Amino acid sequence: MAPSAGLPVTGFKLYRSAGGLATALDVLVYDGSDPSAADFVVTGLTPSETYRFGATAVNAVGESSKDQYITVTCCVAPGRMARPSVGPSTGADSAVELHWTAPDSTGGMALTEYRVYRDDGNLGDITTSVYSGGTDLTTVVSSGLIVGKHYRFVVEAVNAVGAGVSSPVLNYQVCGPPSPPDSVTASERTDTTAKISWTPSGSTGGNGCLLDRYEVSLREGSGGPFTVVKTVGPSVISYVHTGLGPGHTYTFKVVAYNGAYASYAPEANITFTAGSPPSAIPTAPTFISGQVTPSLSLSVAHGTAESSSLPVLEYQFLIRPCNVAGNDTFISARLAGTLTLTTTNYPQLSTGIVYCIRARAFNVNGWSAHSPTARLMVSDLPTAPSSLQFAGGTATSLEIEWSSAVPPANSAPVVSFEVVYIDLTSDPSVEHKLIISGSGQSADLSGLTSANIYRVKVRACSLNGCGGYSSHLDL
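Numbering of the sequence shown is given in the UniProt record's numbering, commencing with residue 1 and proceeding in unit increments.
Rather than coming from a laboratory, the hints here were simulated on the basis of the structure. Every value quoted in this text rests on a predicted model; they were computed, and no experiment measured them. Check the hints yourself; a few may be wrong.
No farther apart than 25 angstroms at their CA atoms in a straight line, the calculated lysine to any residue pairs in the SDA-like style are these [as the list claims (entries may be wrong)]:
id, residue 1, residue 2
1, Lys195, Tyr257
2, Lys149, Ala262
3, Lys149, Arg115
4, Lys13, Lys66
5, Lys433, Ser397
6, Lys195, Glu267
7, Lys66, Arg115
8, Lys195, Ala38
9, Lys13, Ala38
10, Lys66, Ala22
11, Lys195, Ser309
12, Lys66, Gly20
13, Lys433, Leu473
14, Lys195, Arg213
15, Lys13, Thr71
16, Lys433, Ala409
17, Lys13, Thr50
18, Lys195, Gly208
19, Lys433, Asn410
20, Lys149, Ser85
21, Lys149, Asn122
22, Lys195, Thr271
23, Lys195, Tyr264
24, Lys230, Thr185
25, Lys230, Pro282
26, Lys149, Gly245
27, Lys195, Gly224
28, Lys433, Val415
29, Lys149, Ala92
30, Lys66, Ala92
31, Lys195, Leu170
32, Lys230, Ala280
33, Lys149, Gly162
34, Lys149, Gly87
35, Lys13, Phe40
36, Lys13, Leu25
37, Lys195, Glu314
38, Lys230, Tyr264
39, Lys195, Pro246
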């Protein structure tokens, strides 16, 4: 209330300028006798014109001065709004939630509504109304959209003058949920690591829709929640996870995202127990026995594979003729340490053929590498040589000779002889060995001690191993 020199105010007057900042307040727009009046709506102004307004108080003596005034630019539309944004997924493929904020300028007066428009998804005019209503709402769901199409959205603010300039365009492609990855695998497993791989999603959620990322989640044991452990770009389809515990069971799942949606159920996952495959058996398989009659057979044994955190579940032999590359036959020995090959479990078994035989071990996380290769034939070990005798010598050497039985046809040929001798006089506990390669049937023992007595024996060796020793000879 204006001061009134002790007399009551009987009314107010409101003046404006004719327009512009240089004109006087000489246009009376309100002359009221209500001493309680405090506002008045002025009409008839020119949009975008700037005016000065001043009020005076009236009492029984007269009217106050117009020294105090305000400057107002009349009647402009609201300022341009910022581009609308996309909110959380609505759960419907054909809808999108839009958000916006109020304009920086309301045009000098209250906003009356917001208007949201879109095009038809075919780059047509942006004239389809999505929303037109009160300013208390700054989010709306646009429904009835077609998956795969690109839509353009704008928003406008409105006051009594009219609508402001449309916001910059929001481009939005309608996408549904992508399909989950087709499969998830865990390879290259060790006690603490595993390579998690997956095949790309078959559908990205719509024609032209793009995947945004893959999320890999982990759960230990058979229950409990999953924890996201890795997020990768849409072109990445594997990663190596570390920090596993040997013997612990884990489930990994992979979910695809296209920005708006996660891939739908069922989720692709893999469950496995952490641990390395067995180590390779360090030695080649060994010959046990072989026979031609009454039926063909070849018995072999394998060594032991190390499997630190997981039990070995199976041993397997790999067999092929050595002259045929890359044509292994796999025969399981289960958990037995030996395997007998017959024409029943290996129909190709035959005499006169050298077989290359390897072994490997398996646990829940895979096969070991192959053992070294043994070269064996369907044949028994060579018979013991006969007629071992002295053939000559000197003070420090002995020459011996023997006879060797002719092996049966197609049996493993003799490839060497092993001569074993001991010094009965000086050191009868130490055996000395001399290998005679080929089929020769004599040997020279040199570096001997004069006058000492030596005990000598010999045996024949084939691919399968060495047979029994001959009778010994003391010389």
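Results of checking the hints against the structure:
In summary, the hint linking lysine 195 to tyrosine 257 is supported, as the alpha carbons are separated by about 21 angstroms, within the 25 angstroms threshold. Simply put, lysine 149 and alanine 262 have alpha-carbon atoms about 19 angstroms apart, close enough for the 25 angstroms limit, and the pair holds. For the hint linking lysine 149 to arginine 115, the alpha-carbon distance of about 22 angstroms falls within 25 angstroms, and the restraint holds. With a C-alpha separation of about 10 angstroms, the suggested pairing of lysine 13 with lysine 66 holds against the 25 angstroms cut-off.
Proximity of lysine 433 to serine 397 is assessed by CA-CA distance (about 15 angstroms); at most 25 angstroms being required, the pair is judged to hold. Between lysine 195 and glutamate 267, the direct Cα distance comes to roughly 19 angstroms. Compliance with the 25 angstroms bound is thereby established for this hinted pair. Distance hint between lysine 66 and arginine 115 is unfulfilled; the C-alpha atoms sit about 42 angstroms from each other, more than 25 angstroms. Note on lysine 195 and alanine 38: the hinted pairing is violated, with a Cα-Cα distance of about 77 angstroms set against a maximum of 25 angstroms.
Under the criterion of a C-alpha separation no larger than 25 angstroms, the hint pairing lysine 13 with alanine 38 is consistent with the structure, at around 11 angstroms. A hinted pair counts as satisfied when its Cα atoms are at most 25 angstroms apart, and lysine 66 with alanine 22 qualifies at roughly 15 angstroms. About 18 angstroms separates the Cα atoms of lysine 195 and serine 309, which keeps this hinted pair within 25 angstroms; it holds. Taking the CA atoms of lysine 66 and glycine 20, the gap is about 17 angstroms. The hint holds against a cut of 25 angstroms.
A C-alpha spacing of about 15 angstroms is found between lysine 433 and leucine 473, which places the hinted pair at or below 25 angstroms, so the restraint holds. Distance check on the hinted pair: lysine 195 and arginine 213 sit about 18 angstroms apart at the alpha-carbon level, within 25 angstroms; holds. A threshold of 25 angstroms between alpha carbons decides the hint, and for lysine 13 with threonine 71 the separation of about 17 angstroms falls inside it, so the pair holds. Between the alpha carbons of lysine 433 and alanine 409 the distance comes to roughly 29 angstroms, so the proposed pair goes past 25 angstroms and is violated.
Proximity of lysine 13 to threonine 50 is assessed by CA-CA distance (about 20 angstroms); at most 25 angstroms being required, the pair is judged to hold. About 31 angstroms separates the Cα atoms of lysine 195 and glycine 208, which puts this hinted pair outside 25 angstroms; it is violated. About 29 angstroms separates the Cα atoms of lysine 433 and asparagine 410, which puts this hinted pair outside 25 angstroms; it is violated. A distance of roughly 18 angstroms separates the Cα atoms of lysine 149 and serine 85; the hinted pair therefore holds under the 25 angstroms criterion.
Proposed proximity of lysine 149 and asparagine 122 is supported: the alpha carbons are some 7 angstroms apart, at most 25 angstroms. Pair hint lysine 195 plus threonine 271 holds up; C-alpha atoms about 13 angstroms apart against a cutoff of 25 angstroms. At most 25 angstroms may separate the alpha-carbon atoms for a hinted pair to count; lysine 195 and tyrosine 264 meet this at roughly 24 angstroms. Taken as a hint, the lysine 230 and threonine 185 pair is honoured in the structure, with Cα atoms around 15 angstroms apart against an allowance of 25 angstroms.
For a cut-off of 25 angstroms, the pair hint linking lysine 230 to proline 282 is broken: about 38 angstroms separates their Cα positions. Pair hint lysine 149 plus glycine 245 does not hold up; C-alpha atoms about 48 angstroms apart against a cutoff of 25 angstroms. A hinted pair counts as satisfied when its Cα atoms are at most 25 angstroms apart, and lysine 195 with glycine 224 qualifies at roughly 23 angstroms. Restraint check: the Cα-Cα separation between lysine 433 and valine 415 comes to about 16 angstroms, which is no more than 25 angstroms; the hinted pair holds.
Under the criterion of a C-alpha separation no larger than 25 angstroms, the hint pairing lysine 149 with alanine 92 is consistent with the structure, at around 15 angstroms. At roughly 63 angstroms between alpha-carbon atoms, lysine 66 and alanine 92 are farther apart than 25 angstroms, so this suggested pair is violated. Simply put, lysine 195 and leucine 170 have alpha-carbon atoms about 40 angstroms apart, too far for the 25 angstroms limit, and the pair is violated. About 33 angstroms separates the Cα atoms of lysine 230 and alanine 280, which puts this hinted pair outside 25 angstroms; it is violated.
Between lysine 149 and glycine 162, the direct Cα distance comes to roughly 32 angstroms. Violation of the 25 angstroms bound is thereby established for this hinted pair. Under the criterion of a C-alpha separation no larger than 25 angstroms, the hint pairing lysine 149 with glycine 87 is consistent with the structure, at around 18 angstroms. Note on lysine 13 and phenylalanine 40: the hinted pairing holds, with a Cα-Cα distance of about 10 angstroms set against a maximum of 25 angstroms. For the hint pairing lysine 13 with leucine 25, the CA-to-CA distance comes to about 11 angstroms; that is within 25 angstroms, so the pair holds.
Our distance criterion of 25 angstroms between C-alpha atoms is met by lysine 195 and glutamate 314, whose separation comes to about 24 angstroms. Proposed proximity of lysine 230 and tyrosine 264 is supported: the alpha carbons are some 19 angstroms apart, at most 25 angstroms. Between lysine 195 and proline 246 the alpha-carbon distance is near 15 angstroms, which keeps this suggested pair within the 25 angstroms criterion.
Hint violations for this structure: numbers 7, 8, 16, 18, 19, 25, 26, 30, 31, 32, 33, all remaining hints satisfied.
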